[in-house]
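Model the full structure from these sequences, guided by the hints.
There are 2 protein chains.
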Amino acid sequence: MDFNVLNEGHIRDLKSIVEPKRLSTGESCLELHAKDQSQHPGTRPEVVIWPCDRDEVSEILKYANKKELPVTGWGSGTSLEGNPIPVRRGLVLDFSQMDRILDIREQDFQADVEPGVVYHDLNEKLRLRGLFFPPDPGAGATIGGMIANNASGTRTVRYGSTRANILRLTVVLAGGEIMQIGSRASKSSSGYDLINLFVGSEGTLGIVVEATVRLRGVSEEFSAAIATFKSVETAGKAVFEVMRSGLDPASVEILAPECIALINKEKGLGLSVSPTLFMEFHGPARKQLEDTMKMAHEICMSVSCREFRAGIDRKDRDDFLKARHEFAEMIMRNHPGRSHIGIDVAVPISAYPKIISLARKESNNAGIPGYTFGHAGDGNLHLVFMGKTGDRKEWGIIDGINQRIVEEALALGGTATGEHGVGIGKRKFMEAEHGISLKWMKRIKDLFDPKGILNPGKIFP
Amino acid sequence: MDFNVLNEGHIRDLKSIVEPKRLSTGESCLELHAKDQSQHPGTRPEVVIWPCDRDEVSEILKYANKKELPVTGWGSGTSLEGNPIPVRRGLVLDFSQMDRILDIREQDFQADVEPGVVYHDLNEKLRLRGLFFPPDPGAGATIGGMIANNASGTRTVRYGSTRANILRLTVVLAGGEIMQIGSRASKSSSGYDLINLFVGSEGTLGIVVEATVRLRGVSEEFSAAIATFKSVETAGKAVFEVMRSGLDPASVEILAPECIALINKEKGLGLSVSPTLFMEFHGPARKQLEDTMKMAHEICMSVSCREFRAGIDRKDRDDFLKARHEFAEMIMRNHPGRSHIGIDVAVPISAYPKIISLARKESNNAGIPGYTFGHAGDGNLHLVFMGKTGDRKEWGIIDGINQRIVEEALALGGTATGEHGVGIGKRKFMEAEHGISLKWMKRIKDLFDPKGILNPGKIFP
Chain A
216 MDFNVLNEGH IRDLKSIVEP KRLSTGESCL ELHAKDQSQH PGTRPEVVIW
266 PCDRDEVSEI LKYANKKELP VTGWGSGTSL EGNPIPVRRG LVLDFSQMDR
316 ILDIREQDFQ ADVEPGVVYH DLNEKLRLRG LFFPPDPGAG ATIGGMIANN
366 ASGTRTVRYG STRANILRLT VVLAGGEIMQ IGSRASKSSS GYDLINLFVG
416 SEGTLGIVVE ATVRLRGVSE EFSAAIATFK SVETAGKAVF EVMRSGLDPA
466 SVEILAPECI ALINKEKGLG LSVSPTLFME FHGPARKQLE DTMKMAHEIC
516 MSVSCREFRA GIDRKDRDDF LKARHEFAEM IMRNHPGRSH IGIDVAVPIS
566 AYPKIISLAR KESNNAGIPG YTFGHAGDGN LHLVFMGKTG DRKEWGIIDG
616 INQRIVEEAL ALGGTATGEH GVGIGKRKFM EAEHGISLKW MKRIKDLFDP
666 KGILNPGKIF P
Chain B
216 MDFNVLNEGH IRDLKSIVEP KRLSTGESCL ELHAKDQSQH PGTRPEVVIW
266 PCDRDEVSEI LKYANKKELP VTGWGSGTSL EGNPIPVRRG LVLDFSQMDR
316 ILDIREQDFQ ADVEPGVVYH DLNEKLRLRG LFFPPDPGAG ATIGGMIANN
366 ASGTRTVRYG STRANILRLT VVLAGGEIMQ IGSRASKSSS GYDLINLFVG
416 SEGTLGIVVE ATVRLRGVSE EFSAAIATFK SVETAGKAVF EVMRSGLDPA
466 SVEILAPECI ALINKEKGLG LSVSPTLFME FHGPARKQLE DTMKMAHEIC
516 MSVSCREFRA GIDRKDRDDF LKARHEFAEM IMRNHPGRSH IGIDVAVPIS
566 AYPKIISLAR KESNNAGIPG YTFGHAGDGN LHLVFMGKTG DRKEWGIIDG
616 INQRIVEEAL ALGGTATGEH GVGIGKRKFM EAEHGISLKW MKRIKDLFDP
666 KGILNPGKIF P
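As they're listed, the protein sequences go chains A and B. Start counting the first sequence at 216; every next residue gets the next number (the working numbering). Start counting the second sequence at 216; every next residue gets the next number (the working numbering).
Check each hint, because a few of them may be wrong.
As the list claims (entries may be wrong) - Taking lysine-lysine and the DSBU-like style, the derived pairs with C-alpha atoms no more than 30 angstroms apart in a straight line are:
1) A:282 to A:250
2) A:666 to B:654
3) B:654 to A:654
4) A:340 to B:452
5) A:654 to B:666
6) A:654 to B:277
7) B:666 to A:660
8) A:569 to A:445
9) B:530 to A:502
10) B:654 to A:657
11) B:654 to A:660
12) B:236 to B:666
13) B:509 to A:509
14) A:569 to A:509
15) A:657 to B:282
16) B:654 to A:281
17) A:530 to B:502
As the list claims (entries may be wrong) - DEER-style ranges, computed between Cβ atoms:
18) B:657 to A:240: 39 to 45 angstroms
19) A:283 to B:217: 34 to 40 angstroms
20) A:312 to B:544: 54 to 60 angstroms
As the list claims (entries may be wrong) - Here are some chain B residues the structure puts well away from chain A; computed CB gaps all over 12 angstroms:
21) 227
22) 243
23) 245
24) 304
25) 524
26) 528
Calculated directly from the structure, the hints in this document are not laboratory data. Glycine residues also receive a C-beta, built at the ideal position from the N, C-alpha and C atoms.
This is the structure we're talking about:
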C-alpha cells in the first residue's frame, strides 16, 4: 500500500476539522506516540490529533481516506506487541480527551463509555456502586485499547475477556461512516455479530468511539490463597487439577521464583521465593468459600504443594494483585539498556503443564533475563525476556525461543496470542495458526478499509 | 438473485458425489423438509441430500455454486422463524447422518461434535461424566441448528447462549473451501473473530461441519423455587429485582396463567394457575444455596409475591423444565387448525416489566389464543399466538401486535429476536434494529457467498 506523505496543506485542512490546539506536529509529541511498551522499534507519526467527539473522528477519517493517509488509534500506549506503533507514519488519534463515562445504568449492569476512559478509573467510579468491569489487564490500559486487543487479565478465568463484556459499539469506519452495532439486551440472535468482529481487530477495521460495557456486581466475599511448589512444572499441574475440579476460581496466577524475587525486591511483600500459585474465589457466602478453599488446598497437596497459605486478607490480596498488574513495568524498570518481549500463548488447560515445562527449559537455557508467569487458569502463559537492546545475538536466541513456544502452543491446539494481540510481533505466526481463514480475515479487512489506511502493517504478515 | 432449476443432469451429477441412497427427490421427503415449526408457509426443496462427511459437503457446495443452485442446511426443523425453509427451493442438506460425537475431552471441558448431533443426546452422554453443554433451547434442536441460530434457553442467564460456548468451527464455504476457525484455547487475541461471525448467521455464510463446544461441570447442588404473583406485570418486576440483586440464578422463567393451565392439562403437574416465576440456583454447597433462596424469597415478597414454594426437589424440577422445553409443541398440539407465531424480543433487564406489560395488554385485547412466557432472566420475552391458519383478519391483528412489541423492544434498547433468529419473519425489522450496519452485514454476505446460494431469502429484507 502506498500512502501519501503529510504536507502543509494536509495540516491546514486538518486544522479546519479540529481546533489547532488539539493537533500537534511537535517532535516531543510525535516521539511520545512512536512506540508502545514492546521491543518493536518506534516510528514517529507525522501528526498527533486529540479528537473530542465522534463527529470529529468521522471527519478526520473521511479526510484521511480521501487523501490516503494512514490513521492509527492510540489509547495509553501500553500494548506489548507494537499494536499502536504507526509504522507507516501518518495520523495518530490520541483518545485521551474522549474519556467520559457517559452513563452508568446500575440496574442493567451496563455503562456507556468513550474509548479514552482508563480501565482503573472506570472501576474506581464503579466500586462505590458495588460494580466492576471485569477484564483486568495489567498496566493502565484504556477501554478503547482493551477493545482493540481483546485484552484480558487476572479475572478473565471467571468473567471472560473484553470480548465477553461488550454489548454495543459505535464505530467510525474508514470512509467516515458512523455505525452502531450490538444492542443493550443481554442476548440477541439478530443478524451477523459485528461486535466480535471489531473487538480484537486492533483498530484495523474501524475506530471505536463509544462502547456499552457489561458490568458485574462486586462479590460480597472472597477468599485467596498463595501456594508454593517444588517446581514451576508441578505448579502447572496443580493449575490443571484446580481447573478441572470445577471450583470456578476468580483468578489463578502462576509465577516462577524469579518473579516472586522481583516482586519482593520492588514491593517488599516478603513472599517465599518459590514457584507460586495465587488463587482467588468469589462468592456470596464466607462458609462456602472456606469449603472451596479446603478443596483447593487438598488438590494442591495432592500434587506435592510445599506450602499453602489460605486466608489471605483484603490488604494482602490487593497488594499482590497490584504487584501483578505492575509486573511488566517492574521488569522493564529493572533491566536498563534492555528491551522487553512478552511471549504470550494460550493452550487448552490440559496442555498447560506441557507448555510450562517447555517455557522453563527454554528460559533456563537462554542465558538472558527471563520471567515465567501467566494467567494460568486460562491456559495463558507469559515468558518475558529482557534482551540487550540492539544485541543481534541475544535477540536471535529470543526469536528462536518465541518461535518454538508458539509452534508448540499451536500444536497443542492453542493460540499464538492469548491477550496481547498480533500487532507487529505475532504476524509471522498468523498463517500457521489460521490457515486459509487468514485469507478471509484479509478480505474482511479489504471490505471495510479498501485503501488500508487503518493501522496499516498490523495483524497480516 | 436468479437460481437455476434443478434438472435430471444435476441429479445425476449429485449422485456421483453422494451415494444415491443418500439423496432423495421423493415427494414425502421433500415435504418433510419444506417447513419448520413456524407459521411461515413451506416450500419444498428440489432435492434432499444426507451428507456423511465434510468432503461431501465441500463437493456438493462446489457443484451447487458452479451451477447456481440454492443450498439450505437442515438440522431437526424445529426453528420458529422459517430459518431453514428452502424458499428458493434447490438443495436441502439434512445433517442427521453427520451426528457423531467425535471426542469428549473431559479434562479441557470440551467436545468435538458433528452438526447433526441432537442437543439432548449430547447432554445425555455428558451427564454420565458430570458435564453438560449449557445453552438449553426448547425442542429437539441439533448442535448445527443451535449454532446457526445462536440458540439459547433456560440456562442462558447463567451460562450464556450458544455463542458463548463455541470454541472452534469447521465451516464449508459457498465455493466448497473447508475452513477451520477458532482454537481450543479458552481465550485468544489472534486476528479477527470469525467464530462469532458464523454463529448466528443462519447458514447464510457457510455450512458448519464440525464444532468444538465448551462444556461445564454439572453443579453439585441446586435449589429451585416456584413463586406466584397477583399479575404477570408484578412477576416481571420481581425478575428485575432478582437479577439486579446479583444472585446469579441458573434460570429465571416467567409464565402467565394460561401457560400454567396448559402445562397442568398436559402434564398433570397441579401447579397453581397464576402468574409464575420458576427460579433455579446452582452451586457447590447446599447451605449457600439455601441462603441464596432466602434472599430470592425476600425479594419476591417485597414485590407482593403471593406464594413462594422453595425446596422443589429434583423430580419436580425436572418435570417442570421438561414441560417448559416441550411448551411450544404443547401449544401447537392444543390448537388444531391454527398456526404458531412466537414473538421473541429481548430488552435490558430494567425494561422487562415494561415489555411484559405491553405484551399482556396486547394479548388481552387480541381475542386470539396467546401465551406470554419467557427466559425472563435474560430479558427475553415470548408471546406466542395461535392464529387461525389462513385467516387474514387474525393474522393482520397478530402482525400488528408483533410490530408494536418489536418496536417497543427496539425503543428500549433491545433486539427484535432474543434467540429464534431472523429467518423469514424478522427480516422486516432488521433495518430498524441495525441501521447502516445491516448494509455491512450484507456486504459480508456477498463477500463469503457472492452468488447468494446459501440459504437465500433469510435475514436480509
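**OP:** Run the structure past the numbered hints and jot down the numbers of the failing ones, going up.
**Re:** Hint check: nothing fails, all pass.
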